[in-house]
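Residue numbers (this note's numbering), protein chains in the order written: chain B, 50 to 668; chain A, 50 to 668; chain F, 227 to 553; chain H, 227 to 553.
Mixed in with the good hints, there may be bad ones.
What the hints assert, rightly or not - Restricting the straight-line Cα-Cα distance to at most 27 Å, the calculated cross-link-like pairs of lysine-lysine (DSS-like) are:
1) K237/A <-> K637/B
2) K489/B <-> K478/H
3) K333/A <-> K261/F
4) K262/A <-> K57/A
5) K542/F <-> K246/A
6) K153/A <-> K175/A
7) K544/F <-> K245/A
8) K665/B <-> K153/B
9) K214/B <-> K153/B
Claimed, not checked - Have a look at the derived ranges for each label pair, beta carbon to beta carbon:
10) D467/F <-> L472/H: 44 to 50 Å
11) D549/F <-> D208/A: 51 to 57 Å
12) H494/A <-> E525/F: 40 to 46 Å
13) S106/A <-> T488/H: 56 to 62 Å
14) E241/B <-> K406/F: 51 to 57 Å
15) V244/H <-> R510/F: 23 to 29 Å
Claimed, not checked - Covered by chain F, according to a simulated footprint, are these stretches of chain A (three or more residues, beta-carbon under 8 Å):
16) 85-99
17) 331-344
18) 594-605
The hints are simulated quantities; they were obtained by calculation from the structure and are not laboratory data.
Quick reminder that beta carbons are idealized off the backbone N, C-alpha and C, glycines included.
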Amino acid sequence: MTTEFKNKSKKPVKRLDHVTIRFAGDSGDGMQFTGTQFTTSAAMLGNDVFTFPNYPSEIRAPQGSLYGVSGFQVQIGAHNVDTPGDKLDLLVAMNPAALKKNLKDLKKGGMIIVDSDAFTKANLLKAKYETNPLEDGSLKDYIVVQVPMTSLTREALKDIPIDSKSKTRSKNMFALGMVYWLYGKDPKYTIEFLRKKFKNKPEIVEANIKALKTGWNYAETLELIPVSYIIDEAPHHAEEYKIITGNTATAWGFLAAAEKAGLQLYLGSYPITPATDILQELSKYRQLDVIAFQAEDEIAGISSAIGASFTGKLAITTTSGPGLALKSEAIGLAVMLEIPLVIVDVQRGGPSTGLPTKTEQADLMQALFGRNGESPVIVVAAKSPADAFKMAFEASKLTLEHMTPVILLTDGYIGNGSEPWPVQRIKDLPEINPPLVKEKIEGWHPYDRDPETLARKWVVPGVPGMEHVIGGLEKDKSTGAISYEPENHEYMVRIRQAKVDKVADFIPPLETEFRDEGDLLVVGWGGTYGSLRSAVNELNEKGYRVGLAHFNYINPLPHGVKDVFSKFDKIVVAELNLGQFANYLRMKHPEFRYEQYNKIQGLPFTTEELVNAFEKLLK
Amino acid sequence: MTTEFKNKSKKPVKRLDHVTIRFAGDSGDGMQFTGTQFTTSAAMLGNDVFTFPNYPSEIRAPQGSLYGVSGFQVQIGAHNVDTPGDKLDLLVAMNPAALKKNLKDLKKGGMIIVDSDAFTKANLLKAKYETNPLEDGSLKDYIVVQVPMTSLTREALKDIPIDSKSKTRSKNMFALGMVYWLYGKDPKYTIEFLRKKFKNKPEIVEANIKALKTGWNYAETLELIPVSYIIDEAPHHAEEYKIITGNTATAWGFLAAAEKAGLQLYLGSYPITPATDILQELSKYRQLDVIAFQAEDEIAGISSAIGASFTGKLAITTTSGPGLALKSEAIGLAVMLEIPLVIVDVQRGGPSTGLPTKTEQADLMQALFGRNGESPVIVVAAKSPADAFKMAFEASKLTLEHMTPVILLTDGYIGNGSEPWPVQRIKDLPEINPPLVKEKIEGWHPYDRDPETLARKWVVPGVPGMEHVIGGLEKDKSTGAISYEPENHEYMVRIRQAKVDKVADFIPPLETEFRDEGDLLVVGWGGTYGSLRSAVNELNEKGYRVGLAHFNYINPLPHGVKDVFSKFDKIVVAELNLGQFANYLRMKHPEFRYEQYNKIQGLPFTTEELVNAFEKLLK
Amino acid sequence: MTTQIKYTYKDFQSDQEVRWCPGCDDYVILRSVQKALPQMGIPKEKFVFVSGIGCSSRFPYYMDNYGIHGIHGRAAAIATGVKLANPDLTVFVMTGDGDSLAIGGNHFIHAVRRNIDMNIILFNNEIYGLTKGQFSPTSRIGQKTKTSPYGNTQPPFNVGELTIGADGRFFARVPGNDSKMQTEIYVEAQKFKGTSVVEVMQNCVIFNDGAYRFWTDKKVRDEHTVRVEHGKPMIFGKDRDKGLILDGLKLKAVKIGENGITEDDILVHDAHNPDPTLHLMLVRLKNPLVTGIIRSVREETLEEREAKLTEEVKAKSKIRSFDDLVS
Amino acid sequence: MTTQIKYTYKDFQSDQEVRWCPGCDDYVILRSVQKALPQMGIPKEKFVFVSGIGCSSRFPYYMDNYGIHGIHGRAAAIATGVKLANPDLTVFVMTGDGDSLAIGGNHFIHAVRRNIDMNIILFNNEIYGLTKGQFSPTSRIGQKTKTSPYGNTQPPFNVGELTIGADGRFFARVPGNDSKMQTEIYVEAQKFKGTSVVEVMQNCVIFNDGAYRFWTDKKVRDEHTVRVEHGKPMIFGKDRDKGLILDGLKLKAVKIGENGITEDDILVHDAHNPDPTLHLMLVRLKNPLVTGIIRSVREETLEEREAKLTEEVKAKSKIRSFDDLVS
Ligand SMILES: Cc1ncc(C[n+]2csc(CCOP(=O)(O)OP(=O)(O)O)c2C)c(N)n1
Ligand SMILES: Cc1ncc(C[n+]2csc(CCOP(=O)(O)OP(=O)(O)O)c2C)c(N)n1
Ligand code: SF4
Ligand code: SF4
Ligand SMILES: [Mg+2]
Ligand SMILES: [Mg+2]
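With these hints in hand, go ahead and build the complete structure from the sequences.
Given below as structure tokens:
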């Protein structure tokens, strides 16, 4: 730690394995920024981290209102951390509304840091408090640290020549400084960051750093904070990880896949929460020859991607549930054309517009079956923010090598959440070998297939002598000409299915975590991995014999399911929907009996509720 | 029989139980008309009938070409007839292409009547015959009746003052006359029909009737036809039946339902094969206040229907597979709004554009699950052309009384096929009681529910004091205001599901046909009913112990499934897809083991292939 | 058509908290509509507000009327069903530039073509607000947004040109910050029988602040805009000393009193001319920008045509019920 | 751009049997395109034909080129991806009035707005052919079709107005039975850099026979149509004795020699004028109907603008690979 920020107090220091913190305030209070800074510092210093932001659905709600509260939660740990944490150890609440909305998530005995300046009558009213919670005793079960942050910040910055609004706005840095002190974290990364970011505004840099330091010092001396904490750091991580959200990781996975495959990346998309970030991220990379086309709607987005794929690009389209519904007809076309295409669905709460800013896993059935006719596609899912990189890469590899569309499912929770991603270079990544044809092949027919993958070749405009037309009508099994022949149709329906089924030979078999036989197997898929892992971990620590089988690959299912499942007495499928994966398993493996644990609240699982539910099954 | 058409020949008359005939010729040869005439006469005279047309997918293919052949198949029977028949007893082929395309479906020993005038070199070439099949002995296994129909017709009409083209065109009536004689059918209905239809063109009437009579007489005297047949007639049917296609029956079912419910019928649709007929049929009924709105696309079609439903109409939308895909997002909205809406999917071969003029049952999964989020709808299916009336009525009743969208599945086979429909009057039909509110109710909230059906009330614009807004965001369980509350969301997701599940209490329980216990239970759904029934009938006649359980109601499944299924040793699910209903049963009733019999050729089952397949399972 | 009840704008306020960003022009639109409604003489329960998805599409929640908050882009299609099914209702479509011109472009042009009597209020902020700032089909070339970090490359639609190109019979344009003009024009739009499109130059303070400053800023707006009114000369300027004249096939702004130009030389606005030539010129003008009702041509509406045809068919047909049909 | 290979129309014929109805204008279009292609000097493998669904959309199968027979309405959107992904290709969109203006209306107007260099050949038979005869968005009021048994009630789009309303830079109209004019105009459309829309007045012999008879019938076509050519006077008539003049804001057909009118009074066509006022008048004219290239205004295409921006960004950025990005 830089000497300046050495803890000089005599207060005791307590070592913790992990801690969960939430910064909450008005949308304008900079809570997302504050949280991100804390997270980055902790991670840079060698903690594991996992974050989850919780924005209001309004763009900019009136100051102080309940529905305008913005929150950022992070769990940091000395060891592996799989979730943003269930219950809070610390809640930073910049106003009454933030306190009101978030208090229920605080642990009994947890700490609250509030900006007491914000607890005005007007603000209390907006937060629908009848009495002041700082005074009425309602917070007696918590350690309440009241700090007049606004006035302290303004006082500290009084000599800096910036406007009064900017001074007030720096109070988030004051709060951050306090939290840094509390957890013994060096603020150097934030200071560096501020210097870079506001290069051209030295007063702003000064103000922010001053506020930060003031907060730090204030915490050190404040009696109300009787102790500070330390979460062991493993500094070797620092260089090889970046903290990225699942959406960024998804975007980067495609960038890497395109480069690895030697192809240009084409995205055709239409904004929709919570998938828009991927489009926004990829819009930045013209220098990498990415074409990020914002279309007039979802159908145009995917249709243009189909056109791009026809010309030999790695073509993708990104959306969320309602957009996937709109794309279903075009996905069917891609199935019929047998061309590469990745469709990303960042799932949100449904049905219909539903809960657009919340998370859910209820698009699984739609991804598997939401098309007319027998229209199989490969379906894969990412299990965490960082895993989204891997699965975007993997989805690209599968679509390019197997010549059939792939749907990649993520969700709002992992799309917006972040965790450290182990930086990878192109050379570390698996090869991608699409069956792209660049020169004339004698005797070739558009629907001839590779015997191993059943993929057809990818012949793109510009290759002389290979001119051909593909389309959505059923086609002859070899020439690709329109065919209404009954047997040919049956053959084609079955071979398209077989092509997808065969993918199972090219993906890793199912593995279990914790143990490969026992009393209960917890089965999950996609973004619930972290929560399930925590829960199963806890159960094993409690002495139960519980295994975890988490699926990244959904259609086809990986090999080994039967072996894995048959070694447990009970199987429970836990998911954020009414049981879609459980039902899918009933179709594919009717020989087992499946218990279900489901939650449909727009929220991820908490470890606690999972542990309780599974314990019941174990009794 | 009118005396004029009394069989005066000495040829023996053979009594048959049923017979299958196909009329085939160029698209311009009027085969659909000819077939329909024969069918109508047979039915009017008291036979049971079942037809299936087979159009070319081209609008008007070049004369004589193979792909321009149009066919119309009918089975007529003294008793119950469930299908258009597998193999033909008689093939009428107006040219070489018609013979070539249809011969494979003729029974060994069956009869072919050909227009020998059409077997010119040019036509043989177009039909890709190298030698003339009438001469090269390739038809030796059949009774071939060569008739120079064109010249005989022209000769017969030589004195009638119509143009030469019209004379030639009358040859289909010549052929029809022959077939009437052959099966001892009185042509009086056709003669009446011609008189009415061409009221203002007496020469055309004369020509057609003359041609018909000439054909009749010709058959009577022709030695090549050594015998005529009789299929017993039960004339009491004549008055109470109309032969209608499944698509017309669907349209009429909605007309009846709207009138019964006291509502105006609103259809918002976009043309698509093979569903267009329903839109076309309903476009005719302005006098019944039907609003048939042809929208700019499928999405506008359903969206406008949602708007109409909001105002208190019986709102429907009709489409086929690719259109259903496009409508999926809007169906989700209707689920969320909890308003009445029927979506008809006349299934065709898929995926994508697939085989647009062919039949298939591969949209089941899409109907059940093709939407984002947990988005349950009621799904029902019609099992035959006439049953489409009942199920359209039933779908309307369910959507109106349970305030949730219903998907009605039919298919190209039953949509285009026809059979006698027992004429029903409004008074014979069940009551429909939608929870429509016409006056202010104090204390009402938009999402209050009826405890029995869980349906909310249908309050429509125009009722003072009941103004409210509904939308696609999750809503508070009572007030309907936007709600992001986690528990409320879970409650709403589950109650929408429960509302659909509860429909099981309002529909008939599952029943079996033939026997209610045995060695094999054949399970089917939708348009395959006729074929399955024929096959199970045959198996029982052969002494096997086979039952049939056919599903009209798919989501929810009717009560009684467990009871029915558990009384058979084996269960086989037969469907025109890769096993979608079988998989659905695995989800809903994992306690049973399901065998599958599947066909994906754009064609209905034949009785023969079913009998063979099921026999194998019985061994 | 007139009713006894006298409403005030408060009768149209719902109990829902309005949740737009402070300073958003959407507040102005809301209040202007609420003020216009009492002037229409229509019972409250006969209004239906239909919207899609977007900031603007939240509108129906804030009105105490019947309404549907639909799905993105489909408001015009839903409204079409509402109006065809019950022509007795007064239908408003509240929509954004993304909602009606991106994903909903098709329903928009078809609604306009069909000329159903409904009122499309198009909140054109030249941005996607609700999804936090991506370019829209009306965003300008070069505009930096979250999905065009280096500047937008797609040329924008001109809403008026597109509307009239789709055979639009009523088109008006109003500044988002001018409540008075809005209220007047909403009343006119409702009176007009047929599809009326009102483009509101709506400022999004958060993601595209100042897009219309050149025309709506109080300091300059009188110089940079001309409000046209049927039958009146196209005069503008703080001192009402400027006007539009026709110079061949081009509109030209001139100063009255200069170069011998008098008020009589100034074009008189004919909103009712079925020929859209001049309306299109007005719609395209950028400086001064034209506000007010640019085009308003009465033609038979779809529902009128439908009703007439249905009457004709009924008069000729003997079928009165399902039983007649099957008998 | 020019290539050594000399093609004839036969080089563009595929081995698929052509399956339109005998007598359909689609045959004329096919042959005209096949004759136009050899004149373009582009290697065969660089052409891509994209279509949706409809009789017209069968087109790509009959060409020996790369092609996609897409889904209904999405041809323009698919083609957008083809061209943006590989600007080196020459892209044709073959589409019907239903395909491009009903279900595909949105993609159509957006393609036009964006000005991507592609050629949209719109087979306007004012009917849905493939689905056997329902009215389309260009069908006329009163037209009896299978879904309008008592006559169509929906007013039609004017393709040219809609195109120009969506900021169209190239619009041409050609008779479906005039192969020579078609070939010429397809060549011009391809040469034009930007989105070109060619409306073909295509006769559907089966479901809407004679829709264009008034204008295309050999006996009257010279009197009822005027073919405009850039830089030439708008003269028509069998004896080339008629012409168009401007009368205020209206076009008027006059007889040369009568009322003192000479050839010099006749309007000279300026297809390149960015101001669409006159083009719109021409597009709206019904008698004589205007054929030929009505508007052709060169502007930067989307792909040109994209390429320029990408070059700029590259010049400023040090990131050349994924590894640079994550380093
Ligand atoms: C099918 C679908 N696609 C995308 C979205 C995401 N979305 C919601 S509103 C919106 C754009 C809003 O822009 P605009 O219509 O201009 O309204 P504004 O917010 O600017 O008022 C988008 C892209 C959605 N809700 N549904
Ligand atoms: C999603 C979808 N909706 C509807 C159809 C049915 N359909 C096929 S072509 C067509 C209209 C064709 O009309 P047009 O584009 O004018 O082409 P034409 O046949 O007249 O050349 C329709 C409605 C379809 N194939 N797919
Ligand atoms: S984001 Fe823009 S348009 Fe939306 S409410 Fe805020 S200011 Fe208004
Ligand atoms: S139906 Fe009409 S458009 Fe289609 S091929 Fe036949 S004539 Fe041509
Ligand atoms: Mg907007
Ligand atoms: Mg057409």
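Checked hints:
Of the pairs offered as hints, the one joining K237/A and K637/B is violated, with about 58 Å between alpha carbons and a cut-off of 27 Å exceeded. The straight-line distance between the Cα atoms of K489/B and K478/H is roughly 58 Å, outside the 27 Å bound, and the hint therefore fails. Restraint check for K333/A and K261/F: the C-alpha separation of about 44 Å exceeds 27 Å, so the hint is violated. For a cut-off of 27 Å, the pair hint linking K262/A to K57/A stands: about 14 Å separates their Cα positions.
Restraint check for K542/F and K246/A: the C-alpha separation of about 19 Å stays at or below 27 Å, so the hint holds. For the suggested pair K153/A and K175/A, the alpha carbons sit about 18 Å apart, so the restraint of at most 27 Å is met. As the CA atoms of K544/F and K245/A are separated by approximately 18 Å, the hinted pair is consistent with the 27 Å bound. A hinted pair counts as satisfied when its Cα atoms are at most 27 Å apart, and K665/B with K153/B qualifies at roughly 25 Å.
Taking the CA atoms of K214/B and K153/B, the gap is about 31 Å. The hint is violated against a cut of 27 Å. Checked against the given bound of 44 to 50 Å, the beta carbons of D467/F and L472/H, roughly 31 Å apart, lie outside it. For the pair D549/F and D208/A, the supplied restraint of 51 to 57 Å is violated, since their beta-carbon distance comes to about 46 Å. Between H494/A and E525/F the beta carbons are some 42 Å apart, a value that agrees with the proposed interval 40 to 46 Å.
The given range of 56 to 62 Å is respected by S106/A and T488/H, whose C-beta atoms sit roughly 57 Å from each other. The hinted window of 51 to 57 Å between E241/B and K406/F holds, with their beta carbons roughly 53 Å apart. Taken as a hint, the range 23 to 29 Å is violated for the pair V244/H and R510/F, whose Cβ atoms sit roughly 44 Å apart. Check on the stretch 85-99 of chain A: 0 of its residues sit with their Cβ under 8 Å from a Cβ of chain F, so the three-residue criterion for coverage is violated.
Counting residues of the stretch 331-344 of chain A whose beta carbon lies closer than 8 Å to any beta carbon of chain F gives 8, which meets the minimum of three for the stated coverage. For the stretch 594-605 of chain A, the stated coverage by chain F is violated: 0 residues have a C-beta nearer than 8 Å to a C-beta of that chain, whereas at least 3 were required.
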